[in-house]
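Please build the complete structure, drawing on both the sequences and the hints.
All letters in the first sequence, in the order written, are residues 602 to 1234 by the numbering used here.
If you are wondering where the hints come from, they were derived from the structure by calculation, not from laboratory data. Virtual Cβ for every residue (Gly too), placed ideally from N, Cα, C. Any given hint might turn out to be false.
With a cut-off of at most 30 Å between alpha-carbon atoms, the simulated BS3-like pairs for lysine-lysine come out as follows [what the hints assert, rightly or not]:
| # | residue 1 | residue 2 |
| --- | --- | --- |
| 1 | 967 | 922 |
| 2 | 702 | 668 |
| 3 | 1230 | 1153 |
| 4 | 946 | 873 |
| 5 | 1062 | 922 |
| 6 | 814 | 934 |
| 7 | 621 | 726 |
Listed next, with one range per pair, are the computed distances between beta-carbon atoms [claimed, not checked]:
| # | residue 1 | residue 2 | range |
| --- | --- | --- | --- |
| 8 | 706 | 770 | 22 to 28 Å |
| 9 | 651 | 866 | 39 to 45 Å |
| 10 | 1002 | 845 | 36 to 42 Å |
| 11 | 1185 | 787 | 24 to 30 Å |
| 12 | 1184 | 670 | 18 to 24 Å |
| 13 | 868 | 656 | 51 to 57 Å |
| 14 | 934 | 691 | 42 to 48 Å |
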Amino acid sequence: MQLLFIHSDYIEYEAKEKTKVAEEIETSSERVEEVLVVFIAVEREDERNVNYVVDKAAEETISIFNKVGAERIVLYPYAHLSSELASPDKSVEILRALHDKLHAQGVEVKRAPFGWYKSFTLRCKGHPLSELSRKIKVLEGAEVKEVETESKALEAEEKAESHFFIMDGGGNLIAADDFEFGAEHENLKQFFVYESEKRRAVDRVPPHVELMKRLEIADYEPSSDPGNLRFYPKGELIKTLLEDYVRSTVAEYGAAEVETPIMYSVKHPALKDYIERFPARQYSMIGKGNKPDLFLRFAACFGQFLMSKDMSISYKNMPVKMFELAPSFRKEKRGELVGLRRLRKFTMPDMHTLCRDMEEALKEFKMQYELGMRVLDDIGFSPDEYEVAIRFTKDFYDANKTFIEDLVRIAGKPVLIELWDQRFFYFVLKFEFNFVDALGKASALSTVQIDVENAERYDIKYVDASGKEKRPIILHCSPSGAIERCMYALLEKAYLEKERGILPMFPLWLSPTQVRLIPIAERHLEYIESILPALSGLRVDVDDREETVSKKIRDAGREWIPYVAVIGDKEVEKKTLSVTIRSESHGNTKKGQKQEMDVLELKTRVEGEIRGKPFRRLPLSYKLSERVKFVGG
RNA sequence: GCCUUGGUAGCAUAGUGGUAAUGCGCCACCUUGGUAAGGUGGAGAUCGCGGGUUCAAGUCCCGCCCAAGGCUCCA
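Here you go:
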């Protein structure tokens, strides 16, 4: 049976003239609104298992009916969908049965007359699900199989079939549906559910969106394109620190930093493929003749591949690693954008490694896998705060079982496995570390892919020991994932911790203010000024506003400031500080954890905690009284 | 692109047909303080835009614009 579904504003049809197989009818014309129109061709093979076909067709129809939210259904016999039609008698029987079945489920359903020449007009709604087709197949014997096709042009490329498993530390591959997640692996379960269902309807704004505004990190910019955000000084500081960190970590790893253009010609043959695959997702520059002639890059791949093509590379130089902190652009559909999680303009740390062969690629892959773990740990995510996904083709797995098992062992916990029966896009193996947020949505942070296709496409080659030109294997790696996405994950993590009674905060090295000094009265300001030089090299500010001490303490808490020191007569006299340490305080008691220490002790402690991490100075006046508010209140 | 919700002072919101309200922030004054919001006063709004209904519209109707969330998607 062939089915074509069109979610329509309305359909009008009129039976004009009988064919010789026409059924008798009462009304010859009809108009139906807010309707899911189902064009149906009943096929010869359907006669073999009428009940099955009717059940299956009803099930599909109801599912689509509910998904698109139509109000009623019209079944419209449409012989032209198939060249192997069933007999008219059987067709009518099946159509009637389908009608009755749907009717029995409480759906308002009409059937257009069978065997008439009919005129019709309908208006298709035009949303992504408004046009769908289904084929219900009856195979030999009782065996049955469904084939699903989508009519959208973008999906013309056939997707490889994929299967989800969980692999445990012992290398056992368990179908994900059968895995006992238990309380221990609740997060992994959420991740799997998100991955397999790809949806999770929630009706509230993600917590990080409110936080990014309130903490003066970032905000929407109504005058730009959606997904292009503004970053306030504190947000820009955090972003820059993360960038500094990734930059130096990757440099240490041995990658050479480069810069490549952000826009490219649509005419380049290797780039054309990409653009044609995702035409609606490019920011294009319209050139002569109203046609796009340049587009903005969605990652640093092109730039680095085009550079690699012109390099002369000997096997002795390999692996060759190139890195770029790449501002990237993807014109995601309006509804896909969410706060800092999914943007149209974002900063993608993008490293490519050219390897001699698969053996070297695997060695590098494992190192970069460990690099990703280290990077996430430094940014503030321990391994139990993200979930590992490893995805590969069946062929790759058969040839590299122990390699995969090794990766799982390094993760130290069960990981989600996706197995493709054939190669999907350009890679044979990839991993991601995924963060699951407060609403149960998963997003990839670190990721590495083994690319076996682009060296050919971009004509990248190296010379091997025997003097012959060869194609390298290319690793794509983003050790942290998009910088903005790291910020999103940090905010969501803080929110989740708050829910559990932990005071939310950023890692110390990313906190805009690391130490806040609060004078009890104006006369203590002079003393504070005198100790400031001793705290240089830290981000220290002073709440010199004319407010009560209580108010200042509260405001410091609302800003998630890690160290808050109150200074009054006692401290001036004893030359000490009364420091409230946020990380040692609890959210459920109103009392902060206070500690007496002198200036040097405080400085030593903070410096110890941020050692090895990048530092930037406070981007705002150290006096709170001089600061403007970026977000209104 | 589609669906849903929303657009009222710098920000967050209340306001179901009759004088635009509250909190935060801002300004001024009082208070010079000891660990999670001190007090008083003041300024600040063509209620997203355009049309319609009505004696009267922030409120009801129509059209448009903008935003967020969801669907879909994520190279």
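Verification of the hints:
For the proposed pair residue 967 and residue 922, the alpha carbon gap of about 15 Å is at most 30 Å, so the pair holds. For the proposed pair residue 702 and residue 668, the alpha carbon gap of about 19 Å is at most 30 Å, so the pair holds. Of the pairs offered as hints, the one joining residue 1230 and residue 1153 holds, with about 16 Å between alpha carbons and a cut-off of 30 Å not exceeded. Taken as a hint, the residue 946 and residue 873 pair is honoured in the structure, with Cα atoms around 21 Å apart against an allowance of 30 Å.
Our distance criterion of 30 Å between C-alpha atoms is met by residue 1062 and residue 922, whose separation comes to about 14 Å. Among the hinted pairs, residue 814 with residue 934 is consistent with the structure: their alpha-carbon atoms are about 23 Å apart, no more than 30 Å. Restraint check: the Cα-Cα separation between residue 621 and residue 726 comes to about 34 Å, which exceeds 30 Å; the hinted pair is violated. As the Cβ distance of residue 706 to residue 770 is approximately 47 Å, the hint placing it in 22 to 28 Å is violated.
For the pair residue 651 and residue 866, the beta carbons lie near 57 Å from each other, so the given range of 39 to 45 Å is not met. The given range of 36 to 42 Å is respected by residue 1002 and residue 845, whose C-beta atoms sit roughly 40 Å from each other. Between residue 1185 and residue 787 the C-beta distance comes to about 28 Å, which sits within the given range of 24 to 30 Å. One distance hint, 18 to 24 Å for the beta-carbon pair residue 1184 and residue 670, is violated here, with the actual separation near 48 Å.
Checked against the hint of 51 to 57 Å, the C-beta distance between residue 868 and residue 656 comes to roughly 52 Å, which is consistent with it. Between residue 934 and residue 691 the C-beta distance comes to about 43 Å, which sits within the given range of 42 to 48 Å.
When each numbered hint is compared with the structure, violations occur for hints 7, 8, 9 and 12.
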